[in-house]
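Reconstruct the complex from the two isolated chains, following the hints.
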Amino acid sequence: ETGVTQSPTHLIKTRGQQVTLRCSSQSGHNTVSWYQQALGQGPQFIFQYYREEENGRGNFPPRFSGLQFPNYSSELNVNALELDDSALYLCASSSKGWGNYEQYFGPGTRLTVT
Amino acid sequence: AQSVTQLDSHVSVSEGTPVLLRCNYSSSYSPSLFWYVQHPNKGLQLLLKYTSAATLVKGINGFEAEFKKSETSFHLTKPSAHMSDAAEYFCVVSDHEAAGNKLTFGGGTRVLVKP
Chain A
23 ETGVTQSPTH
33 LIKTRGQQVT
43 LRCSSQSGHN
53 TVSWYQQALG
63 QGPQFIFQYY
73 REEENGRGNF
83 PPRFSGLQFP
93 NYSSELNVNA
103 LELDDSALYL
113 CASSSKGWGN
123 YEQYFGPGTR
133 LTVT
Chain B
2 AQSVTQLDSH
12 VSVSEGTPVL
22 LRCNYSSSYS
32 PSLFWYVQHP
42 NKGLQLLLKY
52 TSAATLVKGI
62 NGFEAEFKKS
72 ETSFHLTKPS
82 AHMSDAAEYF
92 CVVSDHEAAG
102 NKLTFGGGTR
112 VLVKP
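If you read the sequences in order, they're chains A and B.
Numbered continuously in this note's numbering, the first sequence closes out at residue 136.
Numbered continuously in this note's numbering, the second sequence closes out at residue 116.
Quick caveat, the hints were computed from the structure, so don't treat them as lab data.
There could be a bad hint or two in this list.
[Unchecked claim] What the simulated footprint calls covered on chain B by chain A, stretch by stretch (three residues with Cβ under 8 Å from a Cβ of chain A suffice, anywhere in the stretch; the number is not a length):
1. 45 to 54
2. 103 to 113
[Unchecked claim] In silico lysine-lysine, DSBU-like type, Cα no more than 30 Å apart, as pairs:
3. A:K118 to B:K59
4. B:K50 to B:K70
5. A:K118 to B:K115
6. B:K70 to A:K35
7. A:K118 to B:K50
Just so it is clear, the structure is predicted and the values come from calculations on it, not from any experiment.
We put the CB at the ideal spot given by N, CA and C, even for glycine.
So here's chain B without its partners, still in its complex pose (with noise of 0.2 Å):
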């Protein structure tokens, strides 16, 4: 079974600082990992995602994430937050061994970003 812990359900950063949002994952296989963000009253929009290449990541909006399997953790970064940033971000792993590539979601990180 695969399961995803975000390690912050809140963050809170000022403008043009950076953010750092963690996630650590479990899973059976070799996983595909996502970062999907969710701003009020709209769906989900994928970031990024790791399938087994590179192990930095980069994504849209200036986003990156590192795929560490010692640590079995997907960390997102951005080195300078903007207002538009403050969403809902989750963590995301793929069973795509299984029939169908069902996605198991973290909690969510919830971000606001202060001006």
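Next comes chain A alone, as it looks inside the complex (with noise of 0.2 Å):
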């Protein structure tokens, strides 16, 4: 069984520019989720999709944005980059889109916007 995986592992962006992260989901699931965890803060969520379908998103702008493929692998992309966008961007699959499934998290991609 394949777990969560994230790429790439480190990225360095400059301010205004434009970012791509991906995802692929364990096994079996057919749900991406997507967090923001800035240093020393908890994880808050961005969205999530479900059957490549957006099925829930947290206190994000829309220059937050993201897609699910058929094969349930996911891309979070953020436009117009800003400092504060820096952070660890984890994402975690499950089995289905609701109730209290559990959510396995990938190792993370860590963003810094100079």
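Structure below.
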């Protein structure tokens, strides 16, 4: 069984640029959630995708967008990067888009915006 | 709306002594509650979960937590700390009544284990 994987591991971007982060869900999972973890804080929910549709969104502006593909992998896109976007971005997969199904986390992508 | 408060940002214990990490939650619905652990430069690992079954929940690595609805608490304990327990711990509530099973995290408790 393959766990959740994310790429790249680290990324440095300049303010105003755009970035795409990638996540491969655990085998058999059809739901992917994205979280932002700023330094010294707990992760914050960005959004969730279930069967290629957005299935819930946190308090993040529209410049944070996502996609889910037929194989249930997912992308997080952030446009017009700001310094405050510097954080660890975590992807989590689960077998359902509702209920108390466990979410399994990837190792994260560390984004630095300069 | 749901929220989680972890009452201690840092906890320091000696190896072999008990560990107590305190968590209070607020939820409009019957919540699911979790504890996750994050070791440096690693992802989040689920320690245990409460989903309206037994109020005393046993997890991995000797950790357990007790759900107390009257106190809206879900404290994490371990009888005897090990050096490998040094990490950041997050108490989490799930709003699974809404669309999507969004997880809301507490601010985290960093555990230091002294030899």
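Against the structure, the hints come out as follows:
no.: 1; hint: 45 to 54; result: holds (count 5)
no.: 2; hint: 103 to 113; result: holds (count 7)
no.: 3; hint: A:K118 to B:K59; result: 24 Å, holds
no.: 4; hint: B:K50 to B:K70; result: 15 Å, holds
no.: 5; hint: A:K118 to B:K115; result: 41 Å, violated
no.: 6; hint: B:K70 to A:K35; result: 45 Å, violated
no.: 7; hint: A:K118 to B:K50; result: 17 Å, holds
Of the numbered hints stated above, those contradicted by the structure are hints 5, 6, listed in ascending order.
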